[in-house]
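Residue-level listing of the chains:
Number of protein chains: 4
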Amino acid sequence: MQKLLESLVEKHRPAAREGKVAEYIPELAKQDSRLLGVAVVNPKGDVHAAGAYRTRFTLQSISKLISLMVALMDHGEERVFAKVGMEPTGDPFHSLYKLEITEEAKPLNPMINAGAIVVSSLIRGKSVEERAERVIQLVREMADNPEIDMNRAVYRSERDTADRNRALAYFLKGCGAIDDVEETLDVYFRQCSICVDCIDLARMGLCLAQNGVTLRGKRVIPGDIARLVKTFMVTCGMYNASGEFAIRVGIPAKSGVSGGILALVPGRMGIGVFGPALDKKGNSITGIRLLEDFSKKLGLSIF
Amino acid sequence: MQKLLESLVEKHRPAAREGKVAEYIPELAKQDSRLLGVAVVNPKGDVHAAGAYRTRFTLQSISKLISLMVALMDHGEERVFAKVGMEPTGDPFHSLYKLEITEEAKPLNPMINAGAIVVSSLIRGKSVEERAERVIQLVREMADNPEIDMNRAVYRSERDTADRNRALAYFLKGCGAIDDVEETLDVYFRQCSICVDCIDLARMGLCLAQNGVTLRGKRVIPGDIARLVKTFMVTCGMYNASGEFAIRVGIPAKSGVSGGILALVPGRMGIGVFGPALDKKGNSITGIRLLEDFSKKLGLSIF
Amino acid sequence: MQKLLESLVEKHRPAAREGKVAEYIPELAKQDSRLLGVAVVNPKGDVHAAGAYRTRFTLQSISKLISLMVALMDHGEERVFAKVGMEPTGDPFHSLYKLEITEEAKPLNPMINAGAIVVSSLIRGKSVEERAERVIQLVREMADNPEIDMNRAVYRSERDTADRNRALAYFLKGCGAIDDVEETLDVYFRQCSICVDCIDLARMGLCLAQNGVTLRGKRVIPGDIARLVKTFMVTCGMYNASGEFAIRVGIPAKSGVSGGILALVPGRMGIGVFGPALDKKGNSITGIRLLEDFSKKLGLSIF
Amino acid sequence: MQKLLESLVEKHRPAAREGKVAEYIPELAKQDSRLLGVAVVNPKGDVHAAGAYRTRFTLQSISKLISLMVALMDHGEERVFAKVGMEPTGDPFHSLYKLEITEEAKPLNPMINAGAIVVSSLIRGKSVEERAERVIQLVREMADNPEIDMNRAVYRSERDTADRNRALAYFLKGCGAIDDVEETLDVYFRQCSICVDCIDLARMGLCLAQNGVTLRGKRVIPGDIARLVKTFMVTCGMYNASGEFAIRVGIPAKSGVSGGILALVPGRMGIGVFGPALDKKGNSITGIRLLEDFSKKLGLSIF
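Residue numbers (our numbering), protein chains in the order written: chain H, 1 to 303; chain P, 1 to 303; chain F, 1 to 303; chain Z, 1 to 303.
Simulated from the structure, these hints should not be mistaken for lab results.
Identical chains share a label here; the pair holds if one copy fits it or two copies do between them.
Straight line, CA to CA, 20 Å or less: simulated EDC-like cross-link-like pairs of lysine to aspartate or glutamate:
1. Lys-280 <-> Glu-104
2. Lys-281 <-> Glu-23
3. Lys-98 <-> Asp-163
4. Lys-280 <-> Glu-103
5. Lys-296 <-> Asp-224
6. Lys-281 <-> Glu-104
7. Lys-296 <-> Glu-77
8. Lys-30 <-> Asp-160
9. Lys-83 <-> Glu-103
10. Lys-281 <-> Glu-103
The following block holds chain H by itself, in its conformation from the complex:
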């Protein structure tokens, strides 16, 4: 496994040239686009890792999984899915037009920005800090790493430049889908800026692969919620490239514009990948290729 991971990193790292780092968030634009790292953790706790697996990066859209789980634990499926749908969209993650043309103030799923903003509005807590802290806390538990915290520079950078997300949030408020724009976005930007490395991601993946039970055997997520979230990873986890990823790679995964991908093989392993050079749809260009190669070599597709 160790050798396989090292060879995959070597093989796919050059493809970084074909992509580029997210530029609309100034802090993310500073990342070194050439990096590529991967870590794999199995249920026995064996860790294999290669490349830039110790480089830290922010969760970005990967946090949509975590906030969805917190909201589901807070309110249950029925209330959450009264406010956000379950359907993939085929549109870019920051798209807005469907909210207008369908005249329904219900984002199609919680993995696009509009849906994730609605989910963040549902997280309970006395303050924005407390609400964000609850998301961070679940990340710590899933990764079994109490030191995980947010990256304040990225948080501020996002907060100050998030025009499109503010457009989405005000549109949603205008439709009655959320109550408070700045508070909701503050929770959202905080969760996006949670900072991890590939090993953290791999442990989080293992927790989902074990239906909510961590490496140390602690249940931190109810089984049905873990299952539900894995399903969203398959149908909408890779933005509007999810369908192709399901066909070519075939494992539950969620990407972020920082270049991270949290993936897993049910019952068998958690996987963390980091490669900040992105393709046009916002996914790690090297990360996707590494995962496709890895999945095909080991026959990991769930299909």
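We have chain H already, so just place chains P, F and Z on it with the hints.
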């Protein structure tokens, strides 16, 4: 003329029951939906008026004409129309989706909210107050009424509830079409809350009917800009009912969600109407009927 | 006038290089893109013309005016406008998506293809030939030229290649907006292929400029229908460049993808232009420039 | 298993009242909306069935799986997916607007009508009959039932009423995505009208559950194609309710507007369901509930 106006007010006032006042701006929701007023001014200065012609109301979208003229005087046609188009849209005034699906950060025309926000961003001045004051000043000059000012309660009400306009403004900022959301919107809300009555509107209409020269003979708008604005009144002045209004009434007109309509007959008269009960597209339901009747009785259509 | 027209043709002909002939209809693609012609007729019958004013071309979208008048004479305003709207759209002439996203089987106006197809379905007659013949007959009467007929090669060429129009027609049939696709399209293609020259167009324009009365003083169109059609020419006559044309030129006009433009100055003159090099929106690139120059030189704008 | 199936049929049959049979195809409108049947086949060949499992119905959209497999065997992945995408859309199956607004003549996936029409155009054969026969032949082999054939009344009914599919096909032809509308649609309507019962569907499902090997052990589909098709079943198999079905049921499935659903549990069983009362998205209302209950009782979700 006096009798005609009085009979038209009597005849069309009952239709107010079929409409309702704008409710998304709390201050506008307080208006008495049953009111209907009209004033007509001719080049000799004769004023005829009937009904609630002395009731004051805010310009709302009628101010889009005025800010467009200020921006054109500040920058010239070429620069303004590099940022906003000249085409009617067929969509509601607060629509956003076309900006996304055409991937062009250029609102189709300056009479829809997105376009008017871009226009407001172009008005010169050292501060928001000064920029808005320049719009108010042109209104005063057109109406020959130095007492015209903004209604601060409506201004604050709009500023605090304008979710959809903020969504538009952040979307436009995200595309690079405007620089500062809150400053631009502040100018925009101020111009929308300029407070007039039917006689003011009629005098403003006369000024346009005389291609920029007021009742007292003062040129306050260059002739080519007055002409250009009258053209927009015909093609996009009545929201996405402009085409029907052109056919049924046939005179340049611009409506606002306060229930006001500024209309004119080139060279012959300025017309101000106020009827706050709106139809589904946001136009005064009684105002449109009164104008259609008036236009047909006197054969005023320019077509 | 004669000298003016000749100088305008010379001045604007070179711009043909910036456009190109319609290529999606094979017969139209054969036209010489460098041609430019213009004819003007006044109420006294004086004809001035320059350039390729004797070259024959097909009406294409200009026929939408004629079929609308026939349908209005057949059914009256109320029935026709129950099936097709009065609003400009901002979209390309062959656009379909708004029919789907608004879920209303009512094209926004009769000057886009979808609307014109619905109008063609309303023209009465015992056969397709008779229905088309009624449109041709009105063209003959307006132009006072009994020899006008359709160009069969263009008709067949359109009929055999009209994929997008067939898509529109089947979509409309699926919504219940028309009954028979091939019959309706056959009327539509026949009217599009009516063959005229600039002098014919200018006489047709004069007939509208005189509210339905021909050069020889014969009323061939009711006055209110002529007025209505002139209004559509201003709001939607130049595809999704109508708003700009109203501002820059300011006279009622209707273009076709053959390169023809029928224009008029109310009460004063009819104008026929032919320049087959088209801009991206489907209007004659030389024709628009010539008309803008002509209108500005003579101060013809109705605004 | 037998008792379970019988109890599920009894329990869920009454929900048929909440849906209705497809009405836009006259022959389908004749179906008895109260029927509900199910059949399950395991790798040992045990068949369990209940309710209307012997009633015959047409494949409709279920045939999109089969034609995709034939096209993939004819051309390989690369060529097929150059013409049709892999992404779920969130839109209704007969939607067209995205083809226009994205200006890309590539339907988002082969499970929506636009995509399936493109796929049908790729199936090789000397005639329409031969091309359709190849699809039917693969159905026969998967179901191990040489008597399967098309229902000619349904075929003719679809062919004669398919306005929206013709609109899609002409639009696609206009974009260059297909060459011949009527031939392509003829193949498409023929494949849609292939007639089966629940046991046939269950055997076809088992063939996919065994990655392309039939009950009798015959390989009729390459393994990688079977896997690919199962992935599409998960991401886009249940129209724009696929995301919700993945969460609530969690097994690969494909529905048709006849009320049939082909489903499977990888390696374990094939499932055929028939319940012609449809919900608003076009899926069998009783069929979905039965499958959800069945999946939860036996813990079949792949997630």
